[in-house]
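These protein sequence lines map, in sequence, to chains A and B. Taking the numbering used here, the leading residue of the first sequence gets 1, the next gets one more, and so forth. Taking the numbering used here, the leading residue of the second sequence gets 300, the next gets one more, and so forth.
Calculated directly from the structure, the hints in this document are not laboratory data. Wrong hints could be hidden among the right ones.
Pairs of lysine-lysine residues, derived as DSS-like cross-links and limited to a Cα-Cα distance of at most 30 Å, are as follows [said to hold, decoys possible]: (1) A/K65 to A/K141; (2) B/K388 to B/K429; (3) B/K388 to A/K20; (4) B/K388 to A/K295; (5) B/K393 to A/K20; (6) B/K393 to A/K295; (7) B/K372 to A/K295.
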Amino acid sequence: MISRLRYTLREMWASMSRNKTLTAATIITSTISLLLFGLTLLIQRGFENQLKLWTGGVEMVVYVKHGATPDQILLIQGALEGQATVIEKVEYCDEACATQVANTLFAGDQDSLEQLIPKIPSFFKVTPIDKDSGEVLRTLKDTFSELPNVIDVRTPDQQVEVLSQLKSFFGVRTLIISGGLLAASALLIWNTIRTAMFARRREIEVMKLVGATNWFIRLPFMLEGLLQGVVGGFLGGIFMLLINRDWTNGVRAFPVESGLEGFVVTDGYPFMVWMVMIAVGALVGAIGSGTAASKFLDV
Amino acid sequence: MIRLENVTKSYSTEVTALRDASFDVAKAEFVFLVGPSGSGKSTLLRLMNRQERPERGAVWVAGRNINEMPDSKVPHLRRNIGNIFQDYKLLTNKTVFENVAFALEVIGRPRHVIRQQVPAVLDLVGLSGKQDRFPHQLSGGEQQRVSIARAFVNRPLILLADEPTGNLDPATGEGIMRLLDRINKTGTTVVMATHDQRIVNMMRKRVIQLDRGVIVRDQARGVYE
Numbered sequence: 001m002i003s004r005l006r007y008t009l010r011e012m013w014a015s016m017s018r019n020k021t022l023t024a025a026t027i028i029t030s031t032i033s034l035l036l037f038g039l040t041l042l043i044q045r046g047f048e049n050q051l052k053l054w055t056g057g058v059e060m061v062v063y064v065k066h067g068a069t070p071d072q073i074l075l076i077q078g079a080l081e082g083q084a085t086v087i088e089k090v091e092y093c094d095e096a097c098a099t100q101v102a103n104t105l106f107a108g109d110q111d112s113l114e115q116l117i118p119k120i121p122s123f124f125k126v127t128p129i130d131k132d133s134g135e136v137l138r139t140l141k142d143t144f145s146e147l148p149n150v151i152d153v154r155t156p157d158q159q160v161e162v163l164s165q166l167k168s169f170f171g172v173r174t175l176i177i178s179g180g181l182l183a184a185s186a187l188l189i190w191n192t193i194r195t196a197m198f199a200r201r202r203e204i205e206v207m208k209l210v211g212a213t214n215w216f217i218r219l220p221f222m223l224e225g226l227l228q229g230v231v232g233g234f235l236g237g238i239f240m241l242l243i244n245r246d247w248t249n250g251v252r253a254f255p256v257e258s259g260l261e262g263f264v265v266t267d268g269y270p271f272m273v274w275m276v277m278i279a280v281g282a283l284v285g286a287i288g289s290g291t292a293a294s295k296f297l298d299v
Numbered sequence: 300m301i302r303l304e305n306v307t308k309s310y311s312t313e314v315t316a317l318r319d320a321s322f323d324v325a326k327a328e329f330v331f332l333v334g335p336s337g338s339g340k341s342t343l344l345r346l347m348n349r350q351e352r353p354e355r356g357a358v359w360v361a362g363r364n365i366n367e368m369p370d371s372k373v374p375h376l377r378r379n380i381g382n383i384f385q386d387y388k389l390l391t392n393k394t395v396f397e398n399v400a401f402a403l404e405v406i407g408r409p410r411h412v413i414r415q416q417v418p419a420v421l422d423l424v425g426l427s428g429k430q431d432r433f434p435h436q437l438s439g440g441e442q443q444r445v446s447i448a449r450a451f452v453n454r455p456l457i458l459l460a461d462e463p464t465g466n467l468d469p470a471t472g473e474g475i476m477r478l479l480d481r482i483n484k485t486g487t488t489v490v491m492a493t494h495d496q497r498i499v500n501m502m503r504k505r506v507i508q509l510d511r512g513v514i515v516r517d518q519a520r521g522v523y524e
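Extracted from the complex, chain B is given alone in its bound form (with noise of 0.2 Å):
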């Protein structure tokens, strides 16, 4: 599903975010990617959705290299990926519905898909009754399962999960990290970059490591470390 050959990326001549990556991600597989801050995680997430364009190597993603990819199919390739933050990036005047509504509407979904895409997805993420709630009004825990429903609404090949857990408690972690390894299990592709030890070592999943810029470690069923 994902593809790495040698990629490097720069952000300067001194700082280099990651140097000859390679490694392969198989269709619903579920990958965490591990390492300090600067380590790199966030950087391939981005290259990963064309956020970033390597200096060198090739990013492919369900059978495309997407360095090679003219912009305007940019949009199209990100309709395949769903995207979750640390911070949500949920929109506050919009509400629990809207927020996931949003995803479908600005891809031109017709009204009556929205009308049925969105209550299943609020359902799947356990949000059902919750839908006319503004952000503020909800949880850190609810408010990264409204980020998870916006990103699979779509039901995405692809989940790129950059520290989902990082502003949540032990056990609301736990709980969203139940419900993206429900997601993988319908055949979603998901990587994670995370600083989580403990859900690493419990969900027991492919574990890359990475240490400035550099895969230092490829272990499947891994551990933190």
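Next comes chain A alone, as it looks inside the complex (with noise of 0.2 Å):
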């Protein structure tokens, strides 16, 4: 046992250093293609924490002032149920629930945390029947604004049905081009393995003729093309980190007002991706060298 699975390593290296150049060019392509599925992966995280952030999975929140006792609290959610012909479902997010909100959203950012709660508002967020209608919504946050005890009223405007579509728009773009490089960096996986196996056809065909099975032979050069996508799953997990690490110090740089703070990903996700690449880099380079060493065994 031992001494094939010295074997196989020996041979999976003799044959990468053999073709160093393909190798690289293979390694490289995987990177790439698996740092673009990283950072879609990433993209869609920020779009989805930015959209959560403005919108909180609802279409309206009324934001009670700090500190406001129970009857003041009440007095609101008796006003917000008592439109029960345009309003659906009310929820209310006590001061301690909106902290746990503000923790997961502002996570990493020990800063804006530290500024925000001592004084975080709690909330209500609000489901209009109609929630197409501009105009209802707009009747709403006017009727709601004047309140007592109630600093804000927000609903979704312009911006968030444009992060949307921006969403939706470069989710499936960016998820097509890095599905096609994937697949690009399949076929050159494949590519490598069958270049090496035409190069040590001679070795293949003495090994058959001494009686090593078909599986004893293909091992190697499977591991081969699983290495390739491993390593390009992470060199491109440690890309993907550290463009990260730039965008989120770039995001912080701007004014608090600015609203794209949502944008930053750092709760321990890019980590999940980086893993999440390595395995899907595992996976193409198995693809790719397994269906090439078992087409071109007989060499």
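The task is to assemble the complex, starting from two chains supplied on their own in separate frames and drawing on the hints.
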């Protein structure tokens, strides 16, 4: 078993060393395609964060002054629930709940959290029956803004719609491009393995004649492709983390009122994406090399 | 050890490499396959190690009909058959030791077995002391000895040799034949395809002659003719 493992690893390394240029080209392509794939996931996450920040997943948010008494809050709730003909659902998020939401949205941004939490407002999430009517939303906004202890009422505006459109525009297109690049990586790995097998056709012929099994012959080639994919995912992940770090620093330098802080992805998600990139790299490598090693065994 | 029953093999509708060939080869027998180029000698050898399959008939090796053998069992069959070629088929980037060890390594033999068996077989073929040389540092005869060592290191039941002296001068060819004869005397069955009239006449072993895919002569202690 140990001698087989040693043999497999040695042959895999020998094959990669023999085709240095092609191996480098394959790894670079895998790195770039997986980097784009990882960035796509981060962009999607950034849009989701930003949308969550702006809409909270509901159509209207009524912010209540920090420190409002239960009676004052009940008064506002009664006013909201009194509009049963136009409001479908009212949910209250107290100050503890609001703190939790802030911790998610501003994870990693300790300065913003320290400023926000001491005076954090509680809020009502309001879902109108007719979500598409701008007129209803505007009327409700005007009505509830006048209520005592209400500090702000936010409704989705044009920016949210633009953001949703941008998310779907970039999300779909970057996914298609990264999918295309991943397919290119798989094909390049496939071609590298084919070339490696062709370069070693004499060895393969001898191996078959002395009784090596097909799996024994295939395994070093399959591992070679797998390793190229994994290295591509690993390197692509490092580049993605570096880009994300620069982006995060850049966004933090924006003025607070820019409202773009949701585009920062800092809650451990990038590391999860890195792992996904390595797994996808391994999968792409295994598919590319596995099909080549099976198809071209009779060299 | 080997039995062919009415074997026919075609490569296309126009080219019949072998037609209705039948013969038996006993254990430890030495058989020459002779005949002009294209007569079917190499096809016969390729049928015996399942590199080819016949259209009709059966090929039995060591008691098993190898045409009906599943593909997954073929590597195990080949571990009992050594192959020697006119062009040696040595791996140029490996030393003599590594070329011979390769045959054991790819069938999963442990290192200590390889370290023990390779020097022994190199001694048998007269190459001890040259184990660290690369093929290009050896003469043709020495390269063929490495090829024989690689074929024999696993102590196969059968040795198939396709024109093993074809690239060698007469004296070197004789040396190779003496080596094959020694291996045959250890109980290994040897089937050798050749054009070399001098060697066939010198060895006086069984001769099977082919002409355009048909066996035209099968003679014990025969000569080339």
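For each hint, the structure was consulted:
Between A/K65 and A/K141, the direct Cα distance comes to roughly 16 Å. Compliance with the 30 Å bound is thereby established for this hinted pair. For a cut-off of 30 Å, the pair hint linking B/K388 to B/K429 stands: about 18 Å separates their Cα positions. Between B/K388 and A/K20 the alpha-carbon distance is near 26 Å, which keeps this suggested pair within the 30 Å criterion. At most 30 Å may separate the alpha-carbon atoms for a hinted pair to count; B/K388 and A/K295 meet this at roughly 23 Å.
Distance check on the hinted pair: B/K393 and A/K20 sit about 20 Å apart at the alpha-carbon level, within 30 Å; holds. Taking the CA atoms of B/K393 and A/K295, the gap is about 27 Å. The hint holds against a cut of 30 Å. Only pairs whose Cα atoms come within 30 Å are accepted, and B/K372 paired with A/K295 is accepted, the gap being roughly 20 Å.
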